[in-house]
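Throw the hints in and build the complete structure from the sequences for me.
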Amino acid sequence: MAYEPVIGLEIHAQLLTKSKIFCSCSTLFGAEPNTHTCAICLGMPGVLPVLNRTVVEYTIKMALATNCAINESCNFARKNYFYPDLPKGYQISQYAQPLSEHGYVDIEQNEGKKRIGITRIHMEEDAGKMIHDEHLPSSYIDLNRTGVPLIEIVSEPDMRSSEEASAYLKRLHEILVYLEICDGNMEEGSFRCDANVSIRPRGENAFGTRTELKNMNSFRNVQRALDYEIKRQQYILESGQAVIQETRLWDDSQGVTLSMRGKEEAHDYRYFPDPDLVPIVIDESWVAEVRKNLPELPLAKRERFMRDYQLPSYDAGVLTSSRVLADYFEDVANLSGKPKAASNWVMGDILRFLNEEKRDIKDCPILPQSLAEMIQLIENGTISGKMAKDIIEEMYRTGKPPTTIIEEKGMVQITDEAALAKTIAEILAANTAQVEQYRGGKEKVFGYFVGQVMKATKGKANPQLINDLLKKMLTAS
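Following this note's numbering, the numbering of the sequence shown begins with 1 at its first residue and continues without gaps.
Worth flagging that the hints you see were computed from the coordinates, not collected in a lab. Incorrect hints may appear among the rest.
Claimed, not checked - When the alpha-carbon atoms are kept at most 20 Å apart in a straight line, the in silico PhoX-like pairs for lysine-lysine are as follows:
| no. | residue 1 | residue 2 |
| --- | --- | --- |
| 1 | Lys-458 | Lys-422 |
| 2 | Lys-170 | Lys-301 |
| 3 | Lys-389 | Lys-472 |
| 4 | Lys-422 | Lys-389 |
| 5 | Lys-386 | Lys-458 |
| 6 | Lys-444 | Lys-471 |
| 7 | Lys-400 | Lys-340 |
| 8 | Lys-301 | Lys-340 |
| 9 | Lys-471 | Lys-455 |
| 10 | Lys-358 | Lys-301 |
| 11 | Lys-389 | Lys-455 |
| 12 | Lys-389 | Lys-458 |
Written out as structure tokens, the structure is:
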């Protein structure tokens, strides 16, 4: 029997606010354990939470960017469960009345675009972190993360393969980073994903029993975990058994999912409105102001790069993978007037240098104006493409502009036709056997002569001029 997977994702994104959602404690990552805490985020008796306005604004941004409807009012609820890193014994979240609902994003697949629905986007506080001792049967609690603001993005069960789930996850990740409301760091836990997956006979409408997958800290692991779980459930059904509704952990080292606990339903959390927080009324003028200040989003930017700069789809996809990279490319393209050349240099050498050193484009020592200047020097014949390869390495190493490097190293391209003709004549005179081979029809020898000229001129000769003069002089009687 052919089975079809049904996948929905729940994504938690930590918002880039300076302070926590209900208190003034810092959200800075990496501090000493339990130093960014206070009576409010520790849930001490008698304290009252105060909502961080920026959290609401950032949530509105993400809702608008994903085509969600903003509810006129929303409220916070208490989600009750007991876990060592949850000091209050409940989490302040949203459930029945979230900030936004009914959105979507489009993903690109081989078959074309596919729309993935978003059930809701809501605000909530994060829990703490448990640290397990590798050598002793002990665990420690770090509550620095307790109360850090999150948005939870809950999808519709619209994905039918791990590839679609990965594409959807990447699309939301790039939107969050473009909006500058989340750094998207999966290793630090500021972008986390839980997956709900079930399978059903292909053609059926009813859903199968789902499992929830946790502990997936990379795009690759999300896809691997889904692929494994789909196969596991198919094996169970084909064996005549029933899939159990449960939460399972992904074990990256073994490449398997492992049972963690029974899967809770909403009623298990006993949601009820938080009595310490009043309902939030979202003013339409506030939404309009946020909408007006939204940046150009990645999909729109990608389409504009293809339209305005005549870039292939692949180039546009790479260059818009981050907002900073897109801005860097666009500066080079506009300053040089050569968008395809700018694309080639940025996607090629610039990204290669940065990847080798694990650096971000914002830390690139080559300024956009310097790269644009180098492209113009190639276009006007001052330097050759081969020379540019050496120059750009020096630019990256020193941060110097190309003209300074050219002057220091005497790397101006030879364009004097008379001087170059003299050099070629000497090379032809010294290689009479190869000349006769070429004139006898062995055209591959032409490359040998080009190499000899480049060697004699230390790579400074204009390649087009070399080709023109060689053809002229080799065919002369």
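Q: Hints the structure violates: just list their numbers, smallest first.
A: 3, 4, 7 and 10
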